[in-house]
Amino acid sequence: DAEITQSPRHKITETGRQVTLACHQTWNHNNMFWYRQDLGHGLRLIHYSYGVQDTNKGEVSDGYSVSRSNTEDLPLTLESAASSQTSVYFCASSNGQSEAFFGQGTRLTVV
Amino acid sequence: LAKTTQPISMDSYEGQEVNITCSHNNIATNDYITWYQQFPSQGPRFIIQGYKTKVTNEVASLFIPADRKSSTLSLPRVSLSDTAVYYCLVGPMFSGGYNKLIFGAGTRLAVHP
Chain W
1 DAEITQSPRH
11 KITETGRQVT
21 LACHQTWNHN
31 NMFWYRQDLG
41 HGLRLIHYSY
51 GVQDTNKGEV
61 SDGYSVSRSN
71 TEDLPLTLES
81 AASSQTSVYF
91 CASSNGQSEA
101 FFGQGTRLTV
111 V
Chain X
1 LAKTTQPISM
11 DSYEGQEVNI
21 TCSHNNIATN
31 DYITWYQQFP
41 SQGPRFIIQG
51 YKTKVTNEVA
61 SLFIPADRKS
71 STLSLPRVSL
81 SDTAVYYCLV
91 GPMFSGGYNK
101 LIFGAGTRLA
111 VHP
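Chains as they are written, first to last, in my numbering: chain W, 1 to 111; chain X, 1 to 113.
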């Protein structure tokens, strides 16, 4: 069955370190998204991609970057982790026509 | 993208029908309305999607009036397991389409025994 997976599920890192969160989907979807969700709040769009080599900034992109070298993967990089980036991160993919599928989330703690 | 407005929270009891209304006054002609459900510590999950009138599946019904400026998600006979956050999204949907999924704050539904 097709799926979307995120890794790691939990990560603790230190302030200033570079961190990369992985997202891999086997739906063959062109559209992929990264969100962050802070406790008790909705999802905020960080970056999104409509296909290979395409990336776009979302609502809260400062301090984050993505790259799309193939259809399956959209890694999210925190260039210099800050405590304000402690959050739960969700990756999603869609074909643009119907439902989007979400990963299980990555809980990131920056100390 | 059309802005959506939903109640922040709702309370209900087991066995009752719950209706959550979403306002989207500036919905565009090619926009669809999609609802997602999110349980704690999980990613959102698609519930239902519609364009106009009424759509029903095994989980919920979606009512959309003729002017499409609002929509109502109806959950029949809720149980404790329906306690979750429900999000209403509005945007174009077509194969290969460039739909940017923007989530609002959602509606936090609490179902009580």
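No lab work stands behind these hints: they were computed from the structure.
Heads up, a few of these hints could be off.
[To be verified] Here are the simulated distance ranges between beta carbons:
no.	chain 1	residue 1	chain 2	residue 2	range
1	W	G51	X	G104	22 to 28 Å
2	X	P76	W	T20	24 to 30 Å
3	W	Q104	X	N19	29 to 35 Å
4	X	S9	W	G51	23 to 29 Å
5	W	D73	X	N26	23 to 29 Å
6	X	H112	W	E79	41 to 47 Å
7	X	P40	W	V52	30 to 36 Å
8	W	N56	X	N25	22 to 28 Å
9	X	E17	W	P8	39 to 45 Å
[Unchecked claim] Straight-line C-alpha distance at most 30 Å; calculated DSS-like pairs for lysine-lysine:
no.	chain 1	residue 1	chain 2	residue 2
10	X	K100	W	K11
11	X	K54	W	K57
12	W	K57	W	K11
13	X	K3	W	K57
14	W	K11	X	K69
15	X	K54	X	K69
Since the model is a prediction, treat every value here as computed from it, not as a measurement.
Heads up, the beta-carbon is just placed ideally off N, CA and C, and yes, glycines get one too.
Violated constraints from the hint list, given by number and in increasing order
Going through the list in order, the structure violates hints 2, 4, 5, 11, 14 and respects the others.
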